[in-house]
Structures are given as structure tokens and as C-alpha cells.
Amino acid sequence: MSGPSKYIPQSGFEKWLDKRLPIIRFANDTLIDFPTPKNLNYWWTFGGILAIFLILQILTGIVLAMHYVAHVDFAFASIAHIMRDVNYGWLLRNMHMVGASFFFFAVYVHIFRGLYYGSYKEPREVLWGLGVIIFLLMVMTAFMGYVLPWGQMSFWAAKVITNLIGGIPFIGETIVTWLWGGFSVGQPTLNRFYSLHYLLPFVILGVVILHVWALHVPGNNNPTGVEVQDVEKETVPFHPYYTVKDGFAIVVFLMVYAWFVFYGPDLLGHPDNYIPANPQVTPAHIVPEWYFLPFYAILRAIDFDIFIIPAKFGGLAAMLGSILILLAVPWLDTSKIKSMRYRPWGRIAWFVFLANFILLGVCGFMPAEPPWTYIAKAATFVYFAYFLIVLPALGVIESPDMPPKSIADSIHPKADKSGAGNPVNVVVK
Amino acid sequence: MSDTSLNSTHEDGPTRRDMIHVATGAMMVGGGAMVAWPLVHQMNPAADTLAMASIEFDLATVPEGSQVKVMWRGSPVFIRHRTAAEIEQANKDDTATLRDPEANANRTKQADGSDGKAQYLIMEASCTHAGCIPVGVGENGYLGAFGGWFCPCHGSHYDTAGRIRQGPAPLNLIVPKYVYLSDTVVKIGV
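If you're matching them up, the sequences are chains A and B in order. To convert, note that position 286 of the first sequence is 286 in my numbering; the numbers rise steadily by one, no gaps. To convert, note that position 186 of the second sequence is 186 in my numbering; the numbers rise steadily by one, no gaps.
Some hints here could point you the wrong way.
Unchecked claim - Straight-line alpha carbon distances no greater than 25 Å define the calculated SDA-like cross-link-like pairs of lysine to any residue that follow:
1. Lys109(B) <-> Phe183(A)
2. Lys177(B) <-> Phe170(A)
3. Lys233(A) <-> Asp73(A)
4. Lys69(B) <-> Ile188(B)
5. Lys69(B) <-> Glu173(A)
6. Lys69(B) <-> Asp73(A)
7. Lys377(A) <-> Ala145(B)
8. Lys69(B) <-> Ile275(A)
9. Lys187(B) <-> Lys19(A)
10. Lys177(B) <-> Val281(A)
11. Lys19(A) <-> Tyr7(A)
Said to hold, decoys possible - Restraint ranges, calculated between C-beta atoms of paired labels, are given here:
12. Asn91(B) <-> Asp305(A): 20 to 28 Å
13. Phe365(A) <-> Tyr142(B): 14 to 22 Å
14. Ser182(B) <-> Ile309(A): 42 to 50 Å
Rather than coming from a laboratory, the hints here were simulated on the basis of the structure. Glycine included, each C-beta is placed from N, C-alpha and C at the ideal position.
With the hints as constraints, model all of the structure from the sequences given.
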């Protein structure tokens with residue numbers, strides 16, 4: 001998609017700079033002239049929304065760090081200080097806290113959009129893989145950020161999740177002590193989590209740059225899943241067409257976000273985290289933030305030994321595996337058709353997978369008692385079955401509908417009647 | 001690199017230049033490891049953390065059939081004064097199917113291997129699954145199917161000897177090293 005640059009330096013300074021550091025050319029080719037398929041729907045705006053939220057989290061985080069104290073005796077009080085005394089501290093902290101939730105909501109939409117429209121398929125495997133790495137980094141960053149207020153949920157989330165690493169055979173205990181910097185979650189743990197919580201967003205930013213780079217080589221996928229064949233007829237420049245469309249979506253999304261920031265900053269959190277951390281009392285009901293619930297349910301679902309694998313390690317492996325398996329999706333999905341629009345069975349499977357993911361979230365929220373333990377096991381099976389059984393098998397046994405011959409054909413179906421009914425293999429390549 | 005006159009690879013065997021390459025490479029690998037280790041090791045427990053004091057506790061303060069939690073190494077420790085019925089049940093369960101088989105008698109041994117007191121069960125108050133504090137006697141909540149402890153986080157059941165019986169935890173509740181200093185005073189952390 002990155003064809004010859006159309007940038008023509010205008011002023012003398014631009015001409016001078018273009019011969020030395022063509023950064024204006026780069027920005028122009030990336031954000032202005034970049035040819036984008038005409039038919040992207042609103043599900044494609046979440047990439048832009050995510051970029052805005054990364055910037056928002058970094059900005060609010062940097063200013064919060066000016067007031068926060070990473071010490072077990074002062075951390076909780078410093079959050080109260082931010083909320084009550086620091087000028088606009090309540091706003092900045094609510095923005096950061098609610099921002100994490102909206103960041104994850106947007107990333108889930110983004111991932112599920114990719115799964116629906118086959119955005120992980122050739123030639124976008126690397127683009128997809130970088131996205132999975134970004135998601136993993138987001139999970140780590142959010143987890144460590146949640147520990148910082150040093151409330152009850154912060155402390156016990158840190159304890160529960162780091163303890164699980166102890167389930168790794170042979171070296172687990174050594175790693176846990178190394179992570180803690182002691183014999184339990186304490187001052188060294190809080191201090192290093194703060195350091196890493198500050199570092200990782202910039203690592204994310206770095207991988208996001210690679211992600212955008214990897215997007216700009218093959219260009220956007222689109223709802224038909226058919227690649228662009230005629231750049232003139234089928235694409236429009238990113239600016240103003242998609243800056244406006246993305247901008248509109250960003251504004252709508254920010255409106256909902258602002259409602260939560262101002263009217264319900266704690267609706268998505270847990271009241272227990274407003275109790276200072278107490279290593280002597282485990283909260284009756286430990287639950288992670290809502291965006292981790294499906295993975296938490298998978299972790300808890302493995303409460304039985306699998307042959308020689310102990311339950312503890314099994315749960316950890318299943319939880320990590322449920323994210324890492326996304327890296328293999330480009331090769332697990334055997335269908336030649338990208339978009340689920342043209343896959344009658346794949347489409348149903350995708351909706352079942354989505355419903356099952358939400359069900360896993362419910363299981364993660366409920367106490368670890370019957371019937372939820374059984375439902376969580378079944379839902380965990382369905383989660384993995386989608387990737388390991390359904391996607392590989394459907395590509396072989398499903399007979400897909402005919403995608404349009406081209407994007408232009410999908411926009412103006414009557415322009416070229418020969419398009420309909422072409423064999424699939426001709427259409428795709 | 002494409003230079004022919006300085007190229008060191010030829011049939012005559014190693015040259016002085018090869019020696020310099022190998023030596024430089026070895027120094028870089030060794031130096032890299034020497035720089036990396038302090039960066040990794042700094043995260044391990046610091047000297048003041050390691051210089052952990054032990055604690056002494058008077059068991060006479062724990063009435064029969066109840067349990068207290070005392071802090072040791074930044075985490076709580078269970079001290080449970082078991083009833084005769086609970087000890088008997090624990091002995092009976094020695095023959096049950098156990099995930100982490102251990103006789104009840106071995107659960108109250110002192111650090112030097114000698115027998116402790118069967119009625120005082122001393123264990124780290126940390127579920128071996130994910131480190132939550134299991135619910136025990138005298139607290140609000142379910143004690144599990146075996147009358148010992150129940151971990152509310154992920155549903156692990158422990159019996160009256162603190163042995164794992166059901167749920168995701170892999171091991172029995174850990175017995176810290178302790179010795180009796182007198183008939184009722186115990187020193188935890190030896």
C-alpha cells in the first residue's frame with residue numbers, strides 16, 4: 001500500500017529539510033496521503049481511539065507520578081492526597097483510572113473486529129502479532145498500575161497473581177522471591193512495580209509504532225476482506241476522509257468516557273480498594289478489574305491436575321495460553337476467505353466465541369463455587385476449541401459464500417456483473 | 001568485510017587476526033554477563049530483608065478449638081489449637097487419598113525433627129495456590145468439606161492437619177521451621 005510518495009515540498013525550509021531528514025514527507029505519507037479502503041466501517045475507528053487513549057494514559061500518568069509516593073506507608077494516603085488536595089488531582093486520577101477501563105474496552109473491540117474480518121490473515125500476520133504483544137504489555141502495565149494505590153484489592157491482586165508464577169516447575173519459587181524482592185509482597189514489590197508501570201507504556205508506544213508501520217506496508221484490511229486492487233478507484237486519502245471519520249468516533253467515545261470520569265469514576269472498580277492494604281486479611285471475594293475477568297475465569301477453571309501437570313501450573317499455563325494462542329491464529333484459521341461476512345458457519349462460530357468470552361467474564365466475577373466452576377470449565381473448553389478445532393476445521397468443511405470480486409465491486413455491484421459468481425480461489429489472491 | 005588483502009579466513013589456519021576476533025568476542029560475552037547479573041540480582045531480597053528476625057510466641061494464649069494469626073516475615077502464620085476430635089480425624093485421614101501425602105504426626109514436627117505438640121498446628125497462612133489467607137475456625141465463612149480451612153479465592157479445601165484435599169492448590173499448607181523454647185513458648189524462624 002505504501003506506494004511512491006506524493007509529497008511535494010512547498011516552502012524553502014521544507015525542501016531543505018526534506019533532503020536531510022524527510023520527516024514531513026514521512027508524516028504526510030503516513031497520516032495524510034495514506035491510501036485507505038473506501039469501505040471501512042466504524043469498527044475500524046477503534047485503532048484511532050486506542051492511539052488517543054495511549055496518549056491520554058501517558059499524559060495523566062506522568063502528572064500523577066508527580067504526586068504519588070511509592071511507599072507502603074504513604075501510597076494509599078498519597079492517592080487520597082491526589083483526590084482531595086492536589087489541584088484537579090481528582091480529575092486526573094479519575095481520567096487515568098477510568099481511562100484504563102476504556103482502553104481495554106477499545107482493545108477488545110479492536111481484537112474482535114480483527115477476528116471477525118480476518119485481519120490477521122496474510123499479509124497481516126506480523127501486524128496481528130505485534131498487536132498481541134501490545135495487548136500482553138497492556139495487561140502487565142494495567143496489573144502493576146492497579147497495585148500502586150495499595151488498597152486491599154491492590155495488595156491481594158499482586159499477591160495472588162505473583163504467587164501463581166510459583167507454580168512454574170523447579171524455578172517458580174525462585175522467580176517469585178526475585179519478583180517480590182522479599183518473602184512476601186511488600187515495599188520492594190511496590191517500588192519496582194511503580195518503576196515498571198512508568199516504563200512499560202513507553203515500550204507499548206514503541207511497539208505501537210511498529211504496529212502502525214506493519215499496517216502501512218500491506219494497508220488496511222476492509223469489511224469485505226478482499227485486498228485493494230485499484231488504488232485510484234478503491235481508496236481515499238487518510239486525510240480528510242478517515243481523520244474525520246475516526247475523529248467523530250473518538251469524540252463519541254470520549255463523551256461516554258467523560259460521563260464515567262465525572263459521574264461514575266468508581267462504577268467500574270471495587271469498593272474494597274478503598275480499604276488500605278492489610279496482609280492479614282484476604283478480602284472475602286477477590287476479583288480482578290472487569291477487563292481481566294475472562295482470563296481470570298480461565299485461570300480458575302483449571303483446578304484439577306492434568307496428568308503430571310499440577311493444577312496450579314495448569315491454570316497459569318491456560319491463562320497465558322489463552323492470550324498467546326492469538327499469535328497462532330493466522331495459521332490456525334485455514335479458510336481462504338478473510339471476512340466472516342462470507343463465512344456462514346464461521347460467522348456463527350465467531351458470535352458463539354464472543355458470547356462465550358462474555359460468559360467467561362461472568363464466571364470470573366462469580367465465586368469459585370458450583371455451578372460456576374462447571375460453567376467456567378465448559379466455557380474455557382469452548383474458548384480454546386474455537387482456535388484449535390473450529391477455525392482449523394471450518395476452513396476445510398465450510399462452503400463459503402462468494403465475496404465480491406473487488407472492493408469497487410462491493411460498492412458498485414452493477415458496474416461489473418462478471419464479478420459475482422467467480423470461483424473463490426480467483427477472488428482471493 | 002569484502003576486502004581481500006585483510007581477510008583472515010584462508011587455508012593456512014588461524015591467524016593473529018582470528019585470535020583478536022575470538023578474544024574480543026569472548027570478552028564481550030563475559031563482560032555482558034557480568035553487567036547483566038547485577039541488573040538481575042538487584043531485584044532479589046536485600047540484605048536487610050534477609051536479616052529477618054525470628055519471632056517468639058506463647059501458645060498458652062490460644063484456647064483449645066481456636067486459632068490465632070501472628071505476623072512473621074511480613075505474612076501471617078496460623079497457630080491452631082486443635083481439639084482431640086480434630087487430631088483424631090486428621091490421623092484417620094492419613095490413609096485417605098492425599099494430593100501431597102504426609103502423615104498427621106509429621107505436620108507438628110519441630111525444626112530439629114523431634115516431635116512437637118499434636119494439639120498446636122503451626123502453618124504459614126498462605127494458600128499454596130495463590131497465597132490468599134484461607135478461612136479457618138472462629139472466622140465467618142465456610143471451612144470447606146474437611147473441616148480445616150477453605151480458601152475463598154479459588155476454592156481449595158484443607159483438612160484438620162492443613163493438608164490439601166480438594167481444589168487447585170498443589171501442596172499442603174507450609175509448616176515453617178520452629179522449635180519449642182519451653183513448654184508453651186515457640187520460636188518461629190530458626
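Structure-based check of each hint:
Proposed proximity of Lys109(B) and Phe183(A) is supported: the alpha carbons are some 23 Å apart, at most 25 Å. Between Lys177(B) and Phe170(A) the CA atoms are separated by roughly 21 Å; this keeps the pair inside 25 Å, and the hint holds. For a cut-off of 25 Å, the pair hint linking Lys233(A) to Asp73(A) is broken: about 64 Å separates their Cα positions. Only pairs whose Cα atoms come within 25 Å are accepted, and Lys69(B) paired with Ile188(B) is accepted, the gap being roughly 13 Å.
For the hint linking Lys69(B) to Glu173(A), the alpha-carbon distance of about 23 Å falls within 25 Å, and the restraint holds. At most 25 Å may separate the alpha-carbon atoms for a hinted pair to count; Lys69(B) and Asp73(A) meet this at roughly 22 Å. Distance check on the hinted pair: Lys377(A) and Ala145(B) sit about 21 Å apart at the alpha-carbon level, within 25 Å; holds. A distance of roughly 20 Å separates the Cα atoms of Lys69(B) and Ile275(A); the hinted pair therefore holds under the 25 Å criterion.
The suggested pairing of Lys187(B) with Lys19(A) is violated, with an alpha-carbon distance near 76 Å, which exceeds 25 Å. Our distance criterion of 25 Å between C-alpha atoms is met by Lys177(B) and Val281(A), whose separation comes to about 23 Å. Only pairs whose Cα atoms come within 25 Å are accepted, and Lys19(A) paired with Tyr7(A) is accepted, the gap being roughly 13 Å. Judged by the Cβ atoms, the range 20 to 28 Å given for Asn91(B) and Asp305(A) holds: they are separated by roughly 26 Å.
Range check, Phe365(A) to Tyr142(B): about 19 Å between beta-carbon atoms, so the 14 to 22 Å window is met. The supplied range of 42 to 50 Å is met by Ser182(B) and Ile309(A), whose beta-carbon atoms lie about 45 Å from each other.
In this structure, the hints that do not hold are numbers 3 and 9, in rising order.
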